[in-house]
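2 protein chains.
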Amino acid sequence: MKVVITADELKKGIAELNRPLGFVPTMGFLHEGHLSLVRKARAENRTVAVSIFANPTQFAPDEDLENYPRDIDRDLELLSGAGTDLVWIPTVGVMYPENFQTWVEVEELTKVLEGSYRPTHFRGVTTVVAKLFNAVRPDRVYFGQKDAQQAAVVSQMVRDLSYPLEMVVCPIVREPDGLAMSSRNTYLSAPERQAALCLSSGLFKARDAFLGGERSAQKLRDIVRQEIENEPLAELQYVSCADPETLAELKNEVENCLISLAVFVGKTRLIDNIILGK
Amino acid sequence: MKVVITADELKKGIAELNRPLGFVPTMGFLHEGHLSLVRKARAENRTVAVSIFANPTQFAPDEDLENYPRDIDRDLELLSGAGTDLVWIPTVGVMYPENFQTWVEVEELTKVLEGSYRPTHFRGVTTVVAKLFNAVRPDRVYFGQKDAQQAAVVSQMVRDLSYPLEMVVCPIVREPDGLAMSSRNTYLSAPERQAALCLSSGLFKARDAFLGGERSAQKLRDIVRQEIENEPLAELQYVSCADPETLAELKNEVENCLISLAVFVGKTRLIDNIILGK
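Residue numbers (our numbering), protein chains in the order written: chain A, 7 to 284; chain B, 7 to 284.
Treat the hints as calculated values from the structure; they're not laboratory data. Just so you know, these numbers come straight off a predicted model, no measurement behind them. Using N, Cα and C, we set each Cβ at its ideal position, and we do this for glycine too. One thing to keep in mind: the hints can contain errors.
[What the hints assert, rightly or not] Mimicking BS3-like on lysine-lysine, the simulated pairs with C-alpha atoms at most 25 Å apart in a straight line are:
1) A/Lys17 with B/Lys18
2) B/Lys17 with A/Lys17
3) A/Lys18 with B/Lys17
[What the hints assert, rightly or not] Cβ pair distances, simulated, as ranges:
4) B/Gly272 with A/Glu261: 54 to 64 Å
5) B/Phe106 with A/Tyr244: 23 to 33 Å
6) B/Gly283 with A/Arg52: 24 to 34 Å
7) A/Asn236 with B/Leu71: 52 to 62 Å
8) B/Pro62 with A/Asn236: 45 to 55 Å
[Stated by the list, open to error] Computed footprint of chain A on chain B, listed as stretches where at least three residues anywhere in the stretch have a Cβ under 8 Å from a Cβ of chain A:
9) 109-116
10) 164-170
11) 239-248
Using the sequences and the hints given, assemble the complete structure.
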C-alpha cells in the first residue's frame, strides 16, 4: 500500500494504478462503515484509493474540527488490511493553498435538512469532493448512506458537473445494538452512548409502523420525535420525512420516504436515517 | 476525425485517444485564433480534442446568445485540416439537463473588469469549463490571451480545484491591420470594422509609450482612452491597467501590467488587451 501526501506524489501514484479505480474519500478515524466502502470498492474494481482529510471548509467555526478524532497509524493498518492500493493524506496547505478562492456549490438540495442548520457545510463538502475527484480521476466512488443528504448532494454534483464516474452509495453500518457507526460516537460518555440509541430505535419504530401500514408522513415523524423526547439526555434538532431524491418534506400519505434526524446527545451532534418503501 | 454529441459517445471516444491529450474548448465559428490553439495542442500532445458549445450560462439575457454566429460544417473542415482527433458538440440538453443546480465560482478574480460589467459571465464560464475538463480529462488545455481575464480565472480554477492538467495560454492572433480576431467581428459593418481598429491602435500606442519609458499607469490608460474617444463610432466601456496576475488596478508607476479594454463599436462589444513589461 502506497501512502502519498503532495499532489505530485498522488499524480505519480494514480498513474501506476490499473483501471477501473475505486475511490473512497474519508475524514479518517475509520470504522466498520468506512471499511465496508473499501471492501465494496475492492470487490468492484482492479485498484482502490482512499483519501484521509478532515476538511476544514465543511466545519463551521463553532463546530468540532479541532477535536475531530484522529489516528492515522490505526487508519493505515485498517486500510492495508482491507486491500487498499493507495492512500492520499493531503495537508491543509496542499488542499487550500494561499489565495484559494474557488467553490463548487449545489444550490437547491443543500437548502434543507443538514444544510439549513449548517449553511456553509455542503459548499465545503462539494468543493473538497470535486478536488478529490479531479486529482484522483476515479472510475467509481463510494459514499455511505449514513450521510444521506451528502450522498444526494454529491450525486447531483456528479451529474451536473459531468463527472464520468459511477457513484455508489452503501448501506449504513450499525453497532450490534443499532447505533449507526460514526467517528463522532467516540465523543459520547457511557450514559450518552446508551441514550444515543434513541436515534436508531426511533427510526426502527417508524419502520415497523410503516411495515404495519402507517403512511402518514406526520405520524411517522411523530413516532421518531416521541422516542427522542422520551430520552432525557437527548435533544432533537430536526426530524424529517422527505422524498429520497428531492429531499422535499412530505405531507399527507407517503409511498416511499427518507426519514432522517439530527439529535444532540450531550454536546455531541448525531445524525441517522432510514429509507422506507424502496 | 471523430465527431461525438452525447456523454457516452464522448467517454468512448476519449478512451480511444492516446495520451497526452490536448484539449481546446471553443464556442465555434472558428477563426485563426482558435486554430493557433489547435496547432499548438497538436504540436505538444499525441492527440487533440476540441469542443464546440455556445454556452448559454455565460451570456446574460440581454447579450448575443441568440445571434452568436454558427457554421458547424466550416468549423469541422477547419478542425480536420488542423489535425484534430475528436470533436465534441454537446447539445444544451446534454450540458444542462433538467434540474441542473451546481455551479463553480471563482470569487475574487471575477469581481473586476469583465466580471464587473457581466456579473454572471464567469460563473457560466467556470462551470462549463469544469464540466468540459471533467468529461474530457485532458492533460493540457489551451486558451487564448484574447480573453485575458478568462485565462486568469480558469488558471485560478485549475489550481484551486486540483485539476491535474497544464494550462497553456496562447498569444492573441490579429488581422493584418491589428484587429484582434473574434467571432464577434462578423457583426461589424464596413465602417464599424474600420472604427474597430481604435482598440488595437490604442493598445499599440500605449506599448510604444511604455517602450519609450512611460511608466505611469494613469498616463498609459489615458493614451488608450484618447484613441477610443477620437473614434466617433466607438464608445469606451472601460480601460484598465492592472497587475497581470491579480488583475488589481495599478496606481502610480508600473513595472509590468495588463492593459485591457472593452469598447462598443455600434452595438458590438469588443475587447482587447496587451501585456507590457513581461
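So which of the earlier hints does this model not fit?
-> 6 and 11
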